[in-house]
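Assemble the whole structure, with the sequences as input and the hints as a guide.
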Amino acid sequence: MSEKSRRSRGRPPKEFVRSVVKHNRGSPVTSIGVIATHANYDGAQVEDVLAELVAEGEVIERDGKYWVAEDVDDAE
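The sequence shown: position 70 = 70 (our numbering), numbered continuously.
Heads up, some of the hints might be wrong.
Ranges of calculated distance between the beta carbons of each label pair, as one might list FRET restraints [stated by the list, open to error]:
id	residue 1	residue 2	range
1	D73	H38	14 to 20 Å
2	R62	R9	27 to 33 Å
3	G10	D73	32 to 38 Å
Derived by calculation from the structure, the hints in this document are not laboratory data. Glycine is no exception: its CB is placed at the ideal position from the N, C-alpha and C atoms.
Here it is as C-alpha cells:
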C-alpha cells in the first residue's frame, strides 16, 4: 500500500456519513467511525459530522444509534 493511500483523507463528508447511516441502519457512532477509518477518513470526526446531520434533520439519533430520517420508523 502506498503512503498516499494510507493517509487519512481528513474529515468525512456529510454525504459519505449519511450513506453509511442509510446502509447500516441503527449503527452506533463507533461502528460508523470504523467504516470511515477503513475508507481512509478520520473516524474521530464522525461524531461532529453526525451532529451536523442531526441538526439539519437528515439523520435521527435514537438511544445512541443513528438512522436516516426516511428510515426512522425502523427505529421505533
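Worksheet item: Which of the numbered hints above does this structure break?
Response: 1
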